[in-house]
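A.B. asks: Listed below are the residues making up each chain.
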Amino acid sequence: MSQPTVILATASYDHTIRFWEAKSGRCYRTIQYPDSQVNRLEITPDKHFLAAAGNPHIRLFDVNSNSPQPVMSYDSHTNNVMAVGFQCDGNWMYSGSEDGTVKIWDLRAPGCQREYESRAAVNTVVLHPNQTELISGDQNGNIRVWDLTANSCSCELVPEVDTAVRSLTVMWDGSLVVAANNHGTCYVWRLLRGTQTMTNFEPLHKLQAHKGYILKCLLSPEFCEPHRYLATASSDHTVKIWNVDGFTLEKTLIGHQRWVWDCVFSVDGAYLITASSDTTARLWSMSTGEDIKVYQGHHKATICCALHDGAEPAAS
Amino acid sequence: MDLEPWEALDVDDTNLSAFLRPCNSNSDSSSLIPGPAGAVQAVMRNRRHHDPLSTQEFLKRVERQSDRDFNTNPWLCALQFVHLQGGDDDVAHGTPLSSIQNNAETERVPLIVALVKSSTPNGFGDITVNLKDPTATLTATVHRKVFSHPDLRKEILTVGSVLILQKVAVFSPNRNTRYLNITLHNIVKVFPKDSGPPSQQLTYPACPVIRTTPSMERHERLLTPGSTFSLPLERTEGIMSNLRFDSSFRQVADSDRQRSEVLASTSFRSDNGNDQNRETVSEGENLSLSLDNAGPVKVNCGGELESEVEDQPNPPKLDEGGDILARIAQGNSSATNSIPTSHGEKTGMENHFERQTQMVNKKCSFPHWTEEQLDELLAFD
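One line per chain: the protein sequences are A and B, in this order.
Just so it is clear: in the first sequence, position 140 is 140 by full-length UniProt numbering, and no numbers are missing.
Just so it is clear: in the second sequence, position 139 is 139 by full-length UniProt numbering, and no numbers are missing.
Since the hints were derived computationally from the structure, they do not count as laboratory data.
Warning: the hint list may mix true and false statements.
To be verified - The calculated SDA-like cross-link candidates involving lysine to any residue, where the alpha carbons are at most 25 angstroms apart (straight line), are:
1. 293(A) x 249(A)
2. 117(B) x 36(A)
3. 145(B) x 379(B)
4. 300(A) x 257(A)
5. 211(A) x 375(B)
6. 300(A) x 371(B)
7. 145(B) x 34(A)
8. 206(A) x 175(A)
9. 117(B) x 149(B)
10. 145(B) x 78(A)
11. 193(B) x 33(A)
12. 193(B) x 32(A)
13. 300(A) x 376(B)
14. 145(B) x 79(A)
15. 145(B) x 120(A)
16. 206(A) x 188(A)
17. 293(A) x 30(A)
18. 293(A) x 379(B)
19. 132(B) x 84(B)
20. 193(B) x 134(B)
21. 211(A) x 372(B)
22. 293(A) x 376(B)
23. 300(A) x 143(B)
24. 300(A) x 126(B)
25. 23(A) x 62(A)
26. 211(A) x 160(A)
27. 145(B) x 35(A)
28. 145(B) x 32(A)
29. 145(B) x 57(A)
30. 193(B) x 36(A)
31. 211(A) x 376(B)
32. 23(A) x 237(A)
33. 145(B) x 14(A)
34. 293(A) x 16(A)
35. 206(A) x 370(B)
Given only the sequences and the hints, what does the whole structure look like? Please build it.
C.D. replies: Pasting the structure below:
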């Protein structure tokens with residue numbers, strides 16, 4: 001099997017992971033994940049593996065194989081793993097779990113290499129583009145910045161006490177951080193580089209994006225020009241596209257029949273993939289706001305999606 | 001003229017007998033053809049008997065005798081296990097599933113031996129199984145907490161395994177439907193699909209050995225700190241917990257074998273259980289009460305304690321301890337004054353134990369979604 005240039009995968013509460021041809025909408029591979037539901041999907045920067053975060057395992061599947069067996073399993077979390085991601089060169093992986101911990105795993109060696117205790121269920125974790133800071137959001141409403149060089153928590157924010165932080169996103173250049181919660185509110189901070197190399201958070205904006213839950217918020221990638229966008233996926237069945245210069249509403253993507261749980265931009269920001277509990281994933285054109293393709297095949301709520309259509313990083 | 005090659009194959013019947021021997025078609029000792037065709041063959045043979053059974057009756061008999069589900073190692077091991085626990089021949093199979101299906105009054109079944117025919121997760125962590133015994137097939141639900149026990153993984157409860165269950169609740173949503181609700185306390189033993197033959201399983205010694213150990217067991221239990229305040233029910237539950245744990249191991253050391261036998265015996269012999277509970281209560285009492293008065297007094301005190309617990313969900317133990325000490329100092333040994341305090345102490349301990357158990361066993365399967373989010377996710381179930 002030749003390595004696809006575009007890898008699109010979705011996971012559902014029917015305990016399956018599906019791979020799709022982005023253009024035709026055909027499902028060309030289905031992996032059974034019987035142990036639990038899959039909470040998060042992520043593709044490695046080199047496009048070789050797909051990470052599936054469940055309860056409590058993180059399993060890596062070979063993208064270029066038809067084997068239903070994972071090639072690696074990371075098993076020291078004790079509860080749902082709600083966040084997973086990779087360092088830009090793919091050397092290590094980070095994860096956040098409802099067991100209250102954020103962990104870093106060396107992909108080349110077994111076992112967890114590093115662990116940070118958050119004292120509350122972690123719902124979301126993102127890696128700062130500087131590759132030295134992790135930002136986590138938990139069920140109690142705390143946002144913490146973990147300094148990986150100092151191995152400590154360098155900053156703590158609480159936008160709303162006892163309101164769970166559902167999703168976090170950071171701008172590709174590290175200039176903004178956005179946190180979204182179950183009340184439909186997005187909090188935006190500007191990140192400033194301090195004199196002691198610690199990142200300082202300056203409150204910038206409070207955006208009442210939706211009336212219901214915001215299940216995912218995502219800032220547009222590096223090659224999205226000329227504007228920078230924030231996508232918010234909501235329980236009101238829509239995804240709203242906001243211009244981060246002034247936070248005006250650019251578009252409302254309407255088409256899903258139920259909640260929208262996840263979204264991901266294409267590398268150039270021209271397209272958006274969304275996952276919904278109407279059992280489908282959809283491909284949207286950012287220029288027109290129309291859905292171009294519907295990926296149908298799951299039998300239950302589609303919870304997460306992963307897309308990698310960029311180039312692999314050059315080998316160092 | 002030489003014969004053509006094909007003409008050489010022209011053999012008369014008279015010459016054929018020189019090469020072939022007639023088979024013994026009248027022999028009854030011939031085995032049946034394997035598989036479903038064997039049943040047809042058996043019917044054909046039946047018709048040649050002088051007094052043949054009707055075909056339908058004969059087929060039913062053949063089907064019962066050749067049901068492969070009940071010739072498996074797990075099933076035979078289970079029967080041996082039940083028999084060795086002192087079960088009579090009449091109850092070797094436990095309560096027939098057909099009697100559960102036909103009896104509308106059944107609420108709890110004392111003993112069931114059944115084979116798992118199908119196993120389906122329901123998405124919440126529970127498993128729906130179809131259980132089969134020689135009389136019928138019945139649907140059951142295995143509660144998710146069963147799988148929190150380290151020796152009862154989902155990999156064990158697969159198609160082909162055999163369960164020994166006790167005191168199983170029967171759920172009947174309407175007159176024609178019955179289900180079994182299987183919880184952790186119901187499972188006595190599980191024989192996995194890949195169990196070895198019965199002869200390789202551990203065998204138990206004769207009954208007289210069992211009778212000599214109950215007194216030692218009680219003696220050991222009394223030496224445990226705090227045993228004075230233990231409830232008979234709590235002891236019974238403890239015994240059952242130990243039984244579940246011990247019965248999961250196929251290889252048991254000699255010193256542990258006797259203990260396992262005692263525990264197993266207790267679970268199946270209600271008379272011994274009753275005697276043991278009564279003796280335990282008597283030995284645990286610090287007060288001189290006659291047996292005739294013990295029951296009514298406890299019932300009344302229990303009612304009072306329940307209301308107390310409702311008023312104070314977390315009664316302070318230190319105060320209760322102080323009260324006990326004060327009463328001892330005052331020399332007040334009245335039964336009506338002492339028993340409530342003792343029972344209160346037991347209730348507090350039970351609550352503490354329950355909380356610990358919940359903390360240990362709690363394992364959320366789904367993320368920390370709100371009810372609204374979960375309803376959205378599970379809308380397709």
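A.B. asks: All the hints need checking, so say for each whether the structure fits it.
C.D. replies: A quick look at each hint next to the structure:
no.	hint	in the structure
1	293(A) x 249(A)	holds (23 angstroms)
2	117(B) x 36(A)	holds (23 angstroms)
3	145(B) x 379(B)	holds (24 angstroms)
4	300(A) x 257(A)	holds (13 angstroms)
5	211(A) x 375(B)	holds (18 angstroms)
6	300(A) x 371(B)	holds (17 angstroms)
7	145(B) x 34(A)	holds (18 angstroms)
8	206(A) x 175(A)	holds (16 angstroms)
9	117(B) x 149(B)	holds (22 angstroms)
10	145(B) x 78(A)	holds (16 angstroms)
11	193(B) x 33(A)	holds (23 angstroms)
12	193(B) x 32(A)	holds (23 angstroms)
13	300(A) x 376(B)	holds (10 angstroms)
14	145(B) x 79(A)	holds (16 angstroms)
15	145(B) x 120(A)	holds (24 angstroms)
16	206(A) x 188(A)	holds (6 angstroms)
17	293(A) x 30(A)	holds (19 angstroms)
18	293(A) x 379(B)	holds (24 angstroms)
19	132(B) x 84(B)	holds (22 angstroms)
20	193(B) x 134(B)	holds (18 angstroms)
21	211(A) x 372(B)	holds (14 angstroms)
22	293(A) x 376(B)	holds (23 angstroms)
23	300(A) x 143(B)	holds (23 angstroms)
24	300(A) x 126(B)	holds (18 angstroms)
25	23(A) x 62(A)	holds (22 angstroms)
26	211(A) x 160(A)	holds (16 angstroms)
27	145(B) x 35(A)	holds (16 angstroms)
28	145(B) x 32(A)	holds (24 angstroms)
29	145(B) x 57(A)	holds (20 angstroms)
30	193(B) x 36(A)	holds (24 angstroms)
31	211(A) x 376(B)	holds (17 angstroms)
32	23(A) x 237(A)	holds (24 angstroms)
33	145(B) x 14(A)	holds (22 angstroms)
34	293(A) x 16(A)	holds (20 angstroms)
35	206(A) x 370(B)	holds (23 angstroms)
Every hint, counting from the list given before, is met by this structure.
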